[in-house]
Structure formats: C-alpha cells, structure tokens
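Numbering of the sequence shown is given in full-length UniProt numbering, commencing with residue 1 and proceeding in unit increments.
Treat the hints with care, as some may be off.
Said to hold, decoys possible - Straight-line alpha carbon distances no greater than 25 angstroms define the calculated DMTMM-like cross-link-like pairs of lysine to aspartate or glutamate that follow:
#1 K452 / D157
#2 K449 / E536
#3 K362 / E347
#4 K390 / E336
#5 K340 / E379
#6 K221 / E115
Unchecked claim - Listed next, with one range per pair, are the computed distances between beta-carbon atoms:
#7 L337 / E599: 37 to 45 angstroms
#8 H448 / D88: 45 to 53 angstroms
#9 E393 / E543: 20 to 28 angstroms
Keep in mind the hints are simulated off the structure, nothing from the lab.
What you are looking at is a predicted structure, and each value in this text was computed from that prediction instead of being measured.
For glycine and all other residues, C-beta sits at the position ideal for the given N, C-alpha and C.
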Amino acid sequence: MPCIHHIPLRRVKCDEGKPSCRRCTTAGRICDGYDQQSKAAISLSWENHPWTHSWTPFVRPANGGVEASPESYALPQLLLPPRLLVFDSAEEQQSYDFFRSRSVGELTEVFHIDETFWNLCVLQMSMTQPAVRYAVAALGAMHRIYGTGNTTAIPEDTSGSQTRFALEQCNRSIKSLLERRGSEARAEKLSTLVACILYTCLASIQGHQRQSIMHLRNGMKLLDNLVQQKDVNNSGPLTSYNTQIQSFLTTLSSLEIQARSLMCEEDLPAWPTRTRIRGSSFPPTDIRFSSLSEARDFFESVLSDFQCFALERDTENEWLLSPGASPRRSVMDDYELLVKKHSFGVEALESFIAKHDDDLDKRDQKTILMLRLHIDIVEMYLRVYPLSLKHGELAWDHLEPYYLRIIRLGRQILGCTEDQLSSMLCSPSEVEKTSTTTTTHDHSGKTHKYPKIPPAASILKKEQYTQRQHRPVFAFSQGVVGPLSTVAVMSRSPNVRREAIALLLLYPRREGLWDSHTAGRVAWVGMCLEEEMALERRGQHHEEEREIKAASDIPAECRVRVVDMKYIGARTGEIHYNTGKQCEKGDKGEKCKVVKILEW
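Work out the full structure, taking the sequences as your base and the hints as a guide.
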C-alpha cells in the first residue's frame with residue numbers, strides 16, 4: 001500500500017551552484033538559497049511557484065519506486081499528488097504548516113487510529129483535492145487563534161486578519177466542492193466526505209454547534225451511500241479504499257455519540273443511527289483485540305448501542321423506571337445483550353494488556369487510561385438501569401465508586417496535581433454580583449427575560465482562574481469531557497461533583513463537538529439549583545442544618561431530572577432544567593422548567 005514519507009526540513013547552507021546547488025538537489029529539496037528569477041518572471045507552475053513546500057512528502061509505491069501507474073492504487077488519481085504542493089499565499093502555507101505540524105498531533109493526542117484518518121485521508125487528499133486543502137488551511141488558521149485564547153471557542157469577532165483568512169479559505173473550499181457537484185468519481189465523493197468532517201471541526205471550534213451537527217449529518221448521509229456501494233464489502237484483500245472507509249466509520253461514529261448528547265429533545269427522533277453499519281449483533285465469547293485502536297472502536301460501538309437503547313426506552317417512557325416497575329421481557333433481553341457485549345470487551349482488553357504489557361509506551365498507557373474511563377461510564381449506565389427499578393431517581397447515589405474512579409482517571413489523563421479542587425468554585429451568592437439577564441422571544445412573539453449562565457472565569461475563584469488556568473486543547477476524539485460532565489451532573493455528592501466541574505473549567509478542552517467550559521457551566525447551575533431547592537425545603541420543615549454534606553441531603557423532588565437545550569442563536573441557547581419538584585406536582589410546559597441563557 002502506498003505510504004507517505006514525511007521529510008523534515010533541515011537548514012542547508014547553499015553552495016551557490018548553478019542552476020541549483022548540489023547540497024539541495026542531492027537532498028531532494030528545492031534550492032531556496034538565492035533567487036534565480038525576478039518575482040515578476042516566476043510562473044505558477046508546480047516547479048517554481050513562490051509558495052511551494054520543499055518538505056512536502058512524496059507518495060511512493062510499496063516497491064520503493066518513484067513512479068506508479070494509477071492502476072496500482074485503490075484510489076485512482078487520489079493518491080498521486082504532485083511532488084510539491086502549491087499555495088496561493090504565504091498565509092495559506094503557514095496555516096497548512098501549522099495544521100500538519102501542530103493540529104494533527106493535538107487532534108490525535110491519544111488514539112493511534114485517529115492518525116489513519118488525519119494522515120491517510122486528510123493530508124494525502126489535501127495534496128490533490130483543492131477543497132480539502134483550503135479547508136485544512138482554514139482549520140490550521142483557526143486552531144492558531146484558538147491556541148492563543150483561554151476559552152473553548154475562538155472569539156466571535158471576525159475582524160482579525162487570521163479569522164478573515166480562515167473564513168475566506170472555508171468559502172473557497174465550499175466553492176471548489178460546488179464546482180464538482182454531481183461527479184460520480186470515487187475520489188470526488190471521498191474528498192467531499194473529508195470536507196464535511198473538516199467543516200464539522202471548523203464549526204465546532206467557532207462554537208457553532210448546530211452548524212457542526214448539520215455538517216456531521218451531511219457526512220453521515222454521504223458515508224451511507226459509499227458504504228452501500230458494492231465494492232466496499234468485497235471479500236478480497238484490504239485495499240486503501242476500504243481502509244479509508246473504515247477510518248470514516250470510526251470517525252463519524254465517535255462524532256455521532258457526541259452529537260446525540262447536544263441535540264434538543266425534538267431533534268433526537270429524526271437522528272439516524274450507525275447500528276446497521278457498525279453492527280450490533282451478539283459478539284463471540286472469545287473476542288480478541290489485536291490493537292488498542294481496535295479496542296477503542298469496540299467500546300465506542302457499545303456506547304453507541306447503549307445510547308440507542310436508552311433513547312428508545314426514553315421514547316417509550318421505559319428509561320429509569322420507578323421503584324417496583326417491571327420492564328418488558330424484550331427490553332431486558334436487549335439490556336442483557338449489552339451487558340454481555342460490554343463484559344466480553346472488558347475481558348478482551350485485560351487479556352490484551354497482560355499479553356503486551358512490556359511493549360506499551362507512554363502514549364499506549366494514556367490510551368489505556370482513556371479506555372478505562374469510558375468503560376467506567378458505560379458500566380455506570382448499565383448498572384443504573386436495574387438499580388432504578390429499586391431506587392428510582394436515587395439510583396445515581398449508589399454509583400459513587402464509579403464517580404471517584406472517573407475523577408481519578410480524569411486527573412491522571414489531564415496531569416492534574418492540584419489539591420482541594422472542590423474548593424475552587426464560587427458560591428452562587430459570589431457570582432450573582434456580576435450576573436446579567438437577557439431578553440428572548442418565543443414563537444408566538446411573547447417576550448421572556450432569563451438570567452445568563454456566568455462564564456467560567458466567574459465560576460472559578462479569581463486566583464484559581466488566573467494562576468491555574470491551562471491552555472485550551474482541541475482534540476478530535478472523545479476524551480475526558482463526556483465522563484467528567486456525567487459525574488458533574490449525576491453525582492449529588494457536593495465534593496465529588498465540584499471536583500468534576502473544577503476539572504472541566506480549569507482545563508479548557510474541545511473534544512470533537514464537546515466543550516468542557518459549556519459542560520462545566522451547565523453542571524454548575526444544575527448543582528446550585530438542586531442545593532438551593534434542598535435548603536429551601538429544609539427551611540420549610542424547620543430543619544436547622546443549612547449545609548449540603550452528602551448526596552442524601554438532596555431528596556428526589558429537588559433534583560434536576562432533564563437538562564435540555566434550545567438553540568436561539570449561533571452561540572446562544574436556552575438551557576431548560578426540568579426539576580423533579582415541579583414535575584411531580586403535575587406542572588406542564590414552562591412551569592416545570594427553570595430556564596437560563598447560555599452564551600459561549
């Protein structure tokens with residue numbers, strides 16, 4: 001299979017040879033020691049374009065030869081780029097460089113399998129597909145802006161030169177796709193799919209969540225069409241094309257899991273699933289993993305299957321049933337299948353680790369920590385379902401060992417050595433001094449005024465935010481944000497949930513579609529609402545204790561049952577906190593909700 005060889009750029013002193021110096025040409029470089037032509041005389045050919053990349057990798061066939069015919073590749077004309085990339089400006093070159101040297105490393109910080117997508121699919125395609133190259137340069141430019149900030153999205157202000165450049169590159173990418181619209185060529189379809197994923201990342205890093213979900217949906221539809229093509233499921237040797245398709249499946253399945261958690265309730269029923277593509281049949285009892293990437297793919301499929309199970313049960317009002325309820329036999333069959341699939345996967349992972357323990361490097365060890373983190377999340381949800389039949393909403397209080405493990409693993413992955421995380425958050429009274437409200441209008445034109453959720457800088461105590469805040473990270477795969485967010489929302493232990501919120505706010509991270517600051521801020525408001533209702537209830541019952549010390553201090557009727565978001569702007573949403581107190585009274589609609597405005 002053809003591969004890319006990355007040639008590092010070394011500083012070589014020019015020996016002034018004519019027409020090109022020997023030191024450069026023997027190293028396979030373009031001599032830039034002196035300018036043989038005037039700038040006016042330079043054409044836009046591949047050989048002497050002013051912004052060519054002398055480090056750009058060559059694509060060579062497996063036999064080591066320099067040339068290869070299109071027939072030797074599974075992707076005709078897609079993996080046969082020119083020897084040098086041509087850029088239209090220095091800014092485009094610099095942004096592409098940044099993406100190649102910095103962004104790819106951060107996007108794939110944990111899982112090797114992600115490198116298959118970003119190196120094989122994205123970087124190779126960018127060498128021949130203009131739409132992909134423009135999108136890559138745009139994402140590189142936006143990532144540079146993102147890395148200099150302290151939040152989880154780039155500023156809304158588009159007047160900066162880098163932001164304007166990135167948006168221009170986005171437009172050029174879209175225009176390039178439109179010019180080739182309708183083409184049935186396989187290379188064009190794949191480049192469109194890559195562009196959809198890049199647009200998803202571009203929208204996400206700008207904080208345009210709805211737009212990112214729209215691009216993801218388009219990519220999923222396109223992938224469905226590609227997967228259904230006859231030659232994808234052939235029984236022959238694994239081709240470069242099939243390798244890329246599998247990479248797309250992994251990539252989009254990971255984003256799909258995130259997308260389901262970000263959509264409002266009314267959008268969820270129409271969301272497609274990957275179960276028919278990824279497969280949800282019962283796994284063999286002797287399942288084995290040949291790599292950690294394979295293990296990650298397996299556990300993500302389990303999480304995706306569980307999400308579908310929970311959503312279906314929720315639609316039928318069969319998720320987290322009341323004490324004494326009896327679920328249907330078919331529901332329990334599905335549940336038991338998920339439990340077995342998960343347990344076989346855990347056994348396979350432990351067997352793989354025991355067998356390869358001496359060969360695992362630091363990155364592998366971090367990958368294992370991440371896998372254990374997601375195993376705990378799935379296991380936690382699998383346990384809460386039967387517990388709800390006995391304890392109802394209070395079933396979450398029986399999962400404290402999982403919460404503590406997730407916090408511990410999260411700290412290890414983030415490299416957090418801070419003590420007293422739970423004391424780093426401000427109280428509601430401290431934050432209210434700077435809180436503001438905003439006015440919105442519903443579909444009928446009625447005006448509502450709701451308080452805004454404070455920013456991360458206001459929730460963290462000032463000295464913690466200024467002295468301990470870490471630089472923002474832009475990763476592609478699921479990482480710590482989802483699990484920590486779950487702990488922050490579901491744990492009612494005051495110290496545990498505060499630790500989770502502090503980690504989300506101290507370590508600004510954007511993981512695919514997930515955003516640590518948004519997750520931490522939403523969880524902080526939910527925590528404050530629950531504790532406020534619990535203390536108010538104590539006052540009504542003339543109880544003297546005025547402090548929440550344990551999860552049991554928050555009764556079921558004072559708990560937030562559902563958190564739903566309604567998008568009202570590109571970077572604004574109404575967060576609806578459905579409280580058990582009002583719902584149990586039979587209140588409907590707005591009476592059952594506490595509404596806050598979230599801006600990011």
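query = If you check each hint against the structure, which ones fail?
reply = none
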